[in-house]
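Colleague: Residue numbers (UniProt numbering), protein chains in the order written: chain P, 1 to 231; chain Z, 1 to 231; chain U, 1 to 231; chain L, 1 to 231.
Be aware that one or more of the hints could be misleading.
A pair holds if it fits inside one copy or across any two, identical chains being indistinguishable in the list.
Said to hold, decoys possible - Below are the BS3-like pairs computed for lysine-lysine, each with C-alpha atoms no more than 27 Å apart in a straight line: (1) Lys133 x Lys52; (2) Lys84 x Lys133; (3) Lys52 x Lys154; (4) Lys52 x Lys216; (5) Lys84 x Lys216; (6) Lys84 x Lys154; (7) Lys52 x Lys221; (8) Lys221 x Lys133; (9) Lys133 x Lys216.
Hints listed in this document are in silico derivations from the structure and should not be mistaken for laboratory results.
Number of protein chains: 4
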Amino acid sequence: MLEELRQAVWAANLELPRRGLVTYTWGNVSGIDRDRGLVVIKPSGVDYDALKPENLVVVDLDGNRVEGDLNPSSDTATHLILYKEFPTLGGVVHTHSPNAVAWAQAGEDIPCYGTTHADYFYGSIPCARCLSKTEIDGDYEGNTGRVIVEIFRKRNINPVHVPGVICAGHGPFTWGNNPAQAVYHSVVLEEVARMAILTRQVCPSAHVAPQAMLDKHFLRKHGPNAYYGQR
Amino acid sequence: MLEELRQAVWAANLELPRRGLVTYTWGNVSGIDRDRGLVVIKPSGVDYDALKPENLVVVDLDGNRVEGDLNPSSDTATHLILYKEFPTLGGVVHTHSPNAVAWAQAGEDIPCYGTTHADYFYGSIPCARCLSKTEIDGDYEGNTGRVIVEIFRKRNINPVHVPGVICAGHGPFTWGNNPAQAVYHSVVLEEVARMAILTRQVCPSAHVAPQAMLDKHFLRKHGPNAYYGQR
Amino acid sequence: MLEELRQAVWAANLELPRRGLVTYTWGNVSGIDRDRGLVVIKPSGVDYDALKPENLVVVDLDGNRVEGDLNPSSDTATHLILYKEFPTLGGVVHTHSPNAVAWAQAGEDIPCYGTTHADYFYGSIPCARCLSKTEIDGDYEGNTGRVIVEIFRKRNINPVHVPGVICAGHGPFTWGNNPAQAVYHSVVLEEVARMAILTRQVCPSAHVAPQAMLDKHFLRKHGPNAYYGQR
Amino acid sequence: MLEELRQAVWAANLELPRRGLVTYTWGNVSGIDRDRGLVVIKPSGVDYDALKPENLVVVDLDGNRVEGDLNPSSDTATHLILYKEFPTLGGVVHTHSPNAVAWAQAGEDIPCYGTTHADYFYGSIPCARCLSKTEIDGDYEGNTGRVIVEIFRKRNINPVHVPGVICAGHGPFTWGNNPAQAVYHSVVLEEVARMAILTRQVCPSAHVAPQAMLDKHFLRKHGPNAYYGQR
């Protein structure tokens with residue numbers, strides 16, 4: 001069942017350590033089959049070196065295990081909320097990549113300082129608020145998904161235009177049309193987080209890029225008038 | 001004698017350069033056989049490239065060499081104090097990994113800024129005080145162990161909950177149930193030290209994570225109610 | 001046609017990821033045949049891993065595609081302005097290397113803090129101004145080239161003496177006698193950008209190097225009295 | 001002639017890129033045969049990849065080329081002053097390693113913040129002053145050596161106890177009993193320069209290590225009472 005998706009999720013998981021985004025098991029990728037309403041996700045705490053496609057776990061959107069002997073990632077409930085609330089998502093990634101974590105731990109949005117950022121994220125990357133004690137003690141991982149959805153709704157951001165978020169005190173989640181693109185956005189988020197820290201080191205009061213530059217760069221890569229690449 | 005432990009200590013030592021934690025010979029791992037009261041430790045100043053299991057030195061808890069032709073690590077007395085005072089320890093590691101050293105040289109505890117830290121260290125990683133001139137001129141390496149024990153006792157910290165420390169002006173020591181886990185904690189300590197420096201670069205006045213988040217993350221990985229991984 | 005140049009541009013493009021200057025497809029190299037007025041450039045959005053010499057695109061100085069099936073780099077118009085306005089250029093490179101981007105995002109010239117910089121860039125590396133909304137909405141990539149030329153003219157800088165620039169909010173462009181030298185200058189620019197950030201971390205008010213040191217270092221490597229290397 | 005020294009200097013030169021200390025040709029190692037008064041040094045501007053033992057140049061202490069077809073390193077005169085004024089030196093290294101360059105460009109001594117530093121450098125690593133315009137326009141490379149000697153004399157530092165220096169606006173020189181040890185000290189200097197920058201990031205007003213700690217660490221590795229390693 002879901003052989004193609006399983007292969008895609010497996011390959012996307014292996015891309016995380018290859019791109020230097022994870023230490024040990026600190027990351028996970030999932031993918032969804034929208035027709036069947038099933039999600040394929042990394043098992044919890046399994047080393048990337050030892051991970052095989054058949055180790056992946058299949059769950060339904062309520063979190064019931066449908067296939068696989070292992071426990072799914074402890075972050076599964078967060079992935080499921082994102083899939084349910086953002087119907088355009090085909091893949092979701094969570095990592096603890098260090099520069100993204102730094103912004104999350106500082107509790108600040110990552111400002112859009114330039115074109116590298118604007119090429120993929122149409123505006124600042126929001127920092128979802130800390131959970132309250134009640135939210136933490138309750139359905140912690142589900143609530144992590146809920147505060148992500150909350151900030152996108154509150155600010156009226158389309159998750160296709162800003163394919164990632166950082167969670168205060170925790171780290172980044174990204175997404176995309178499929179697992180591979182979700183990982184691509186994790187790499188970009190970490191790289192722009194790093195560039196933004198370096199930018200503040202040059203000049204602590206650096207300004208964000210002008211809106212016209214955001215429009216130009218995001219829209220030359222996305223939407224009907226895009227002209228980047230081979231189309 | 002102690003063949004299994006010798007292999008484990010040897011493999012754990014080699015893991016240090018592989019994980020980028022040591023330059024030249026600036027690190028050492030030991031492991032203890034609690035039944036026999038014997039410790040296996042890296043010899044002093046021997047290159048990791050050239051290190052073989054049979055080069056490791058066996059000492060008793062008073063520091064007498066029981067097996068091996070080479071001198072044990074110059075930090076052996078520190079390891080022995082930790083084994084004697086913290087009876088739950090199975091392995092001890094010392095490195096000069098750069099981000100951990102930076103916090104040690106600044107003389108500050110590493111604050112728990114987020115979940116990456118809370119997953120393994122249940123609260124800030126303490127910075128043990130500088131030794132006095134008398135303590136340095138006397139049993140220096142033993143006294144290094146004693147000020148580590150001192151700060152854990154004074155703050156009433158269980159070394160299982162906070163499996164590492166930084167020593168002011170010097171660098172980190174970590175420990176675990178066995179040599180491999182002690183090295184794992186060295187990798188984590190260096191990574192959270194790095195993330196904490198990056199966090200301050202984003203925002204010099206960043207806040208520590210709320211206690212409820214520490215409780216959640218540490219306890220979902222440790223103790224009777226843990227649900228991370230495959231149990 | 002242009003076989004030798006095509007090989008040189010291809011090899012120079014592959015050098016970018018090998019030197020750690022690009023993530024994914026975030027860079028491009030071109031080279032010019034001055035006699036024929038033709039430019040060979042990387043196609044847009046093609047992975048470096050998959051890039052073959054025959055994928056390169058040949059355009060004339062007005063941007064008309066003369067050879068090749070793929071779209072040329074979206075930055076082609078910038079390259080062409082530089083070739084037209086700076087007749088000594090044989091190769092041009094654009095990257096998003098992170099330390100150079102940090103200076104660009106901060107909107108500051110990279111100061112000449114020392115000899116590493118002065119060996120290749122005879123004075124500070126200028127930061128070309130942000131484009132206006134009108135310039136962005138119009139011929140964006142051409143106008144990017146025009147503001148580079150503008151700052152070199154305004155400050156009366158010879159592009160041979162300062163073989164690179166950073167564009168505010170965007171990133172670096174470098175050039176040279178040929179594509180390989182243009183890439184060499186990209187590596188140097190990134191390295192001096194990194195050293196300059198580290199210098200400010202040591203001392204935020206660090207001074208630029210004295211003029212006599214610039215003269216000495218640039219002129220021992222360049223011009224009729226050069227004595228560095230094998231001549 | 002000097003076959004053994006030639007091999008040692010060649011191997012020490014290759015160690016520089018392997019340890020990540022040089023970009024392109026930005027470094028050089030020499031070694032001296034004190035009995036014959038001859039110095040073997042890297043040729044100027046030759047790639048490390050292409051460097052063969054027979055390419056090395058032999059010069060006498062006045063800088064006359066005694067063997068070899070290539071020009072010696074443009075920094076040869078600096079090396080020769082160091083050999084003449086510091087008779088205990090067997091090898092000399094110059095690099096542009098980035099963290100050491102940052103301190104040089106900031107014009108500050110590298111403070112001894114901890115034991116990693118004190119294990120090899122008995123006190124702060126001095127920053128030799130900028131040359132005057134007259135000194136730069138005259139025998140530049142010789143004068144670079146002279147200001148190094150000047151600061152060691154003025155502060156009464158034994159070059160065996162502090163086996164390296166940074167030159168303001170330029171970069172580091174290190175030395176040792178032989179070429180390999182001189183390279184070892186370059187690696188250490190870069191690493192402690194990096195740790196010192198990270199230390200200031202944690203706490204801009206960090207204190208230097210107490211003198212008793214310097215004494216302990218330097219003297220447990222050096223001199224008649226050393227007990228580190230296998231003796």
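Colleague: Would you pick out the hints that fail for this structure and give their numbers low to high?
Modeller: Per hint list: 1, 3 and 4 violated.
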